[in-house]
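If you want the building blocks of each chain, they are given just below.
There are 2 protein chains.
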Amino acid sequence: MARDNGVSMAVVRRLPKYYRYLSELLEHDVRRISSKELSRLTSFTASQIRQDLNNFGGFGQQGYGYNVEDLKTEIGKILGLQVEHKVIVIGAGNMGHAITNFRGFENSGFRVVALFDKSTEMVGTFIRGIEVLSIDTLEEYINEHRVDIGAICTPREGTQEIADKLISCNIKGIWNFAPVDLDVPEDIVIENVHLNESLFTLSYLIHEKKKAQRKGNK
Amino acid sequence: MARDNGVSMAVVRRLPKYYRYLSELLEHDVRRISSKELSRLTSFTASQIRQDLNNFGGFGQQGYGYNVEDLKTEIGKILGLQVEHKVIVIGAGNMGHAITNFRGFENSGFRVVALFDKSTEMVGTFIRGIEVLSIDTLEEYINEHRVDIGAICTPREGTQEIADKLISCNIKGIWNFAPVDLDVPEDIVIENVHLNESLFTLSYLIHEKKKAQRKGNK
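These protein sequence lines are chains V and F, in that order. Reading the first sequence from the start, the letters are residues 524 to 741 in the working numbering. Reading the second sequence from the start, the letters are residues 524 to 741 in the working numbering.
Read the hints as simulated data drawn from the structure, not as lab findings. Being a predicted model, the structure only gives us computed values, none of them experimental. Among the clues, some could well be false.
Copies of the same chain look alike in the list, so a pair counts if it fits in one copy or across any two.
[To be verified] Result set (DMTMM-like, lysine to aspartate or glutamate): computed pairs, CA atoms no more than 20 Å apart in a straight line: (1) K600 to E680; (2) K595 to D659; (3) K734 to E709; (4) K695 to E607; (5) K732 to D710; (6) K688 to E547; (7) K695 to D706; (8) K641 to E597; (9) K600 to E731; (10) K595 to E629; (11) K559 to E644; (12) K600 to E644; (13) K732 to D659; (14) K734 to E597; (15) K559 to E680; (16) K734 to E547; (17) K641 to E662; (18) K732 to E629; (19) K595 to E607; (20) K559 to D687; (21) K559 to D706; (22) K641 to E709; (23) K732 to E654; (24) K738 to E720.
Excised from the complex, chain V in its bound form:
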């Protein structure tokens, strides 16, 4: 799928990988890297890496390669990581806990500022020092605070209504963990993490390998 700016989603989804590898290189004090070395590390081909980065202006220098720190900074800018993102988590169950406690979340400028749940048992408890608020106060909260991303960690039921509320309060990004395909206007960005589907895909691939092996053994 080509996007408005002509960059395909396949390229977009590789950017965070580059960012991760560059961060690791910097941690190991590697300051400079060729597309060939980056290729070995990421298992993308050197030509794909050059093509990917050319979408955004290149950044490499013939005969020198890439300056790791500069490239990380540039990709970080492309990913929008230079600004802080305020995140609210809706649903304070296991996944809501995991997201709120997620390592590497804050290091990259994402900050959980509030949690919401409908269960009276959960409301008033704290996760990582953040109080769980009543879902009834969701719209009030968003209208009074800046919120960039709503992470939906509720069970299936009622997810669309929550998304509708987030959108009506002008939230532009939804990180959806509920096993539901949300119906949203075009100007809203949705990123789904469907664990069930991921697990079923794994199951399919294991099953297929086993079938292929049985065939091979005959």
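Dock chain F against the given chain V, drawing on the hints supplied.
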């Protein structure tokens, strides 16, 4: 990417979605559905749905559509869901908790049979009635029990070593939540859930929309 059996990963990744929608239809007592109705529901085109299912033998009848229960059963078989999958979770932190407590896991025949952690504080505690065992006993456990899937929920460090252990103990499927691209032999199936990359992709898309809007407003 086309796979050994000629079915592309794009098709494979749609199968769990079909399975989910068919399960929901059955819950609402819908017994029969046309590809057109299924298209409205899933937002895939009717012709794509027919093509997808034709990869596995069709299942529809001209003028009748699909029998929901039969189609769900068939897709379940294709996904390998008719057999129970025994899952071990390595890393009993937040994500390990979330996976172990994950709804819809057991309903689909996936059962967490053991958890492992290296922290002496975690070892001996229970999650959902399942004792957290020492990571030092990982290989011993696998050699004595049937295990189908290893879910790696550890931080980055040491993930490859854990994967190597799982593989040496003959585990064929790895569900990897660690922010690492694992290096594994060809006969091993890996399914990654990289939350950081998912979040960064969301951030990119929000950032891009904002840029487009600013342009539009000029």
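Structure-based check of all given hints:
Taking CA atoms no more than 20 Å apart as the test, K600 paired with E680 passes in neither setting, with 37 Å inside one copy and 27 Å between copies. Proximity of K595 to D659 under the C-alpha cut-off of 20 Å is found in neither arrangement, the shortest distances being 41 Å within a copy and 37 Å between copies. With identical chains, the CA atoms of K734 and E709 are at most 20 Å apart between copies only, with a shortest distance of 15 Å across copies and 42 Å within one. Within a single copy, K695 and E607 get their C-alpha atoms as close as 15 Å, which meets the 20 Å cut-off; across copies the closest is 40 Å, which misses it.
Only between protomers do K732 and D710 lie at most 20 Å apart by alpha-carbon distance; the minimum there is 7 Å, versus 41 Å within a single protomer. Taking CA atoms no more than 20 Å apart as the test, K688 paired with E547 passes in neither setting, with 39 Å inside one copy and 24 Å between copies. Proximity of K695 and D706 under a CA criterion of 20 Å is satisfied intra-copy only: 14 Å inside one chain copy versus 37 Å between copies. Within a single copy, K641 and E597 get their C-alpha atoms no closer than 41 Å, and across copies no closer than 37 Å, so neither meets the 20 Å cut-off.
With identical chains, the CA atoms of K600 and E731 are at most 20 Å apart between copies only, with a shortest distance of 11 Å across copies and 41 Å within one. In this homomeric assembly, K595 and E629 come within 20 Å of each other (Cα to Cα) only inside a single copy, at 17 Å, whereas the closest approach across copies is 41 Å. Neither within a single protomer nor between protomers do K559 and E644 lie at most 20 Å apart by alpha-carbon distance, with minima of 55 Å and 44 Å respectively. For the identical chains of this complex, K600 and E644 are neighbours neither inside a copy (41 Å) nor across copies (40 Å), given an alpha-carbon limit of 20 Å.
With identical chains, the CA atoms of K732 and D659 are never at most 20 Å apart, being 48 Å at best within one copy and 29 Å at best between copies. In this homomeric assembly, K734 and E597 come within 20 Å of each other (Cα to Cα) only across copies, at 16 Å, whereas the closest approach inside a single copy is 45 Å. Proximity of K559 to E680 under the C-alpha cut-off of 20 Å is found in neither arrangement, the shortest distances being 48 Å within a copy and 25 Å between copies. Proximity of K734 and E547 under a CA criterion of 20 Å is satisfied in neither setting, with 38 Å inside one chain copy and 29 Å between copies.
Proximity of K641 to E662 under the C-alpha cut-off of 20 Å is restricted to the intra-copy arrangement: shortest distance 14 Å within a copy versus 42 Å between copies. Neither within a single protomer nor between protomers do K732 and E629 lie at most 20 Å apart by alpha-carbon distance, with minima of 39 Å and 23 Å respectively. Within a single copy, K595 and E607 get their C-alpha atoms as close as 17 Å, which meets the 20 Å cut-off; across copies the closest is 44 Å, which misses it. In this homomeric assembly, K559 and D687 never come within 20 Å of each other (Cα to Cα): the closest approach is 46 Å inside a single copy and 26 Å across copies.
When the C-alpha separation of K559 and D706 is checked against a cutoff of 20 Å, the pair qualifies only between copies, where the shortest distance is 18 Å, while the shortest distance within a copy is 42 Å. When the C-alpha separation of K641 and E709 is checked against a cutoff of 20 Å, the pair qualifies neither within a copy, at 28 Å, nor between copies, at 46 Å. In this assembly of identical chains, K732 and E654 lie within 20 Å of each other by CA distance neither inside one copy nor across copies; the values are 47 Å within and 31 Å between. Taking identical chains as interchangeable, the C-alpha atoms of K738 and E720 are never at most 20 Å apart, the minima being 27 Å within one chain and 37 Å between chains.
In summary, the numbered hints that this structure violates are 1, 2, 6, 8, 11, 12, 13, 15, 16, 18, 20, 22, 23, 24.
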